[in-house]
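Respectively, the protein sequence lines represent chains G and L.
Position 66 (the first sequence) corresponds to 66 in our numbering; numbering is contiguous.
Position 46 (the second sequence) corresponds to 46 in our numbering; numbering is contiguous.
Please keep in mind that the hints were generated in silico from the structure rather than gathered at the bench.
Just so you know, even glycine gets a beta-carbon here, dropped at the ideal spot from N, CA and C.
Hints may be right or wrong, so weigh each one.
[Unchecked claim] Not everything, but these chain G residues come out facing chain L in the computed CB check (under 7 Å):
hint : residue
1    : Ser-40
2    : Pro-44
3    : Asp-97
4    : Gly-98
5    : Phe-101
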Amino acid sequence: QKEVEQNSGPLSVPEGAIASLNCTYSDRGSQSFFWYRQYSGKSPELIMFIYSNGDKEDGRFTAQLNKASQYVSLLIRDSQPSDSATYLCAVDRGGADGLTFGKGTHLIIQP
Amino acid sequence: EADIYQTPRYLVIGTGKKITLECSQTMGHDKMYWYQQDPGMELHLIHYSYGVNSTEKGDLSSESTVSRIRTEHFPLTLESARPSHTSQYLCASSESAEGDTEAFFGQGTRLTVV
Chain G
1 QKEVEQNSGP LSVPEGAIAS LNCTYSDRGS QSFFWYRQYS GKSPELIMFI
51 YSNGDKEDGR FTAQLNKASQ YVSLLIRDSQ PSDSATYLCA VDRGGADGLT
101 FGKGTHLIIQ P
Chain L
1 EADIYQTPRY LVIGTGKKIT LECSQTMGHD KMYWYQQDPG MELHLIHYSY
51 GVNSTEKGDL SSESTVSRIR TEHFPLTLES ARPSHTSQYL CASSESAEGD
101 TEAFFGQGTR LTVV
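This is chain G alone, in the form it adopts within the complex (with noise of 0.2 Å):
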């Protein structure tokens, strides 16, 4: 059974602090990593996907790949109150398509 893993929280942090949040993965033949934010109710939006080893920037996120230990993570900087959202972690399915997801973690961003 592939297993994304995500820590559900909620995950509390201070408005312009940076938020941390972490993914394991279970299939080494995964390639393609992505994260996406769900606001309570809608659709998961994509923020950021990586594909190689290390970080890759974008605004205020960074997202950072260590395919050898199989952890994703995605630094968020200068946090702010619309921050606040569950963020999931999804990996390409190893060869097969459609995506894993994990259950999320739920950021708060606190005023």
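Dock chain L against the given chain G, drawing on the hints supplied.
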């Protein structure tokens, strides 16, 4: 903003009824997906399609069926709805470029079977 649409947004229906959830995308994407998500839980892939006349089952077993007669349309059907089918159903699509599985989601259909 992604152009993928689901109807209805909300549906309350009685046990035993046949229902079809609609999903359409205007991006010309070959790949389309149906995910099921219960409140506070992860999304589970239940069906996907590589293109016209292609349908595959996902990780989570589902009593629903899908069809792909046109590229832009990927409806999901439940022949006889049951309370256990109560959930949110999310449709998604992506380009078929190799290594690119970035998926764009519709707004979802929240189904309640009473």
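Evaluated hints:
Here the hint on G:Ser-40 is broken, as its CB sits about 10 Å from the closest CB of chain L, past 7 Å. Residue-level restraint check for G:Pro-44 holds (minimum Cβ-Cβ distance to chain L is 5 Å; threshold 7 Å). A least Cβ separation of about 5 Å between G:Asp-97 and chain L falls short of the 7 Å threshold, and the interface hint therefore holds. Taking 7 Å as the C-beta cut-off, the interface hint given for G:Gly-98 holds, the closest approach to chain L being about 4 Å.
Below 7 Å, beta-carbon pairs count as interface contacts, and G:Phe-101 has one with chain L at about 4 Å; its hint therefore holds.
Of the numbered hints listed earlier, the single one contradicted by the structure is hint 1.
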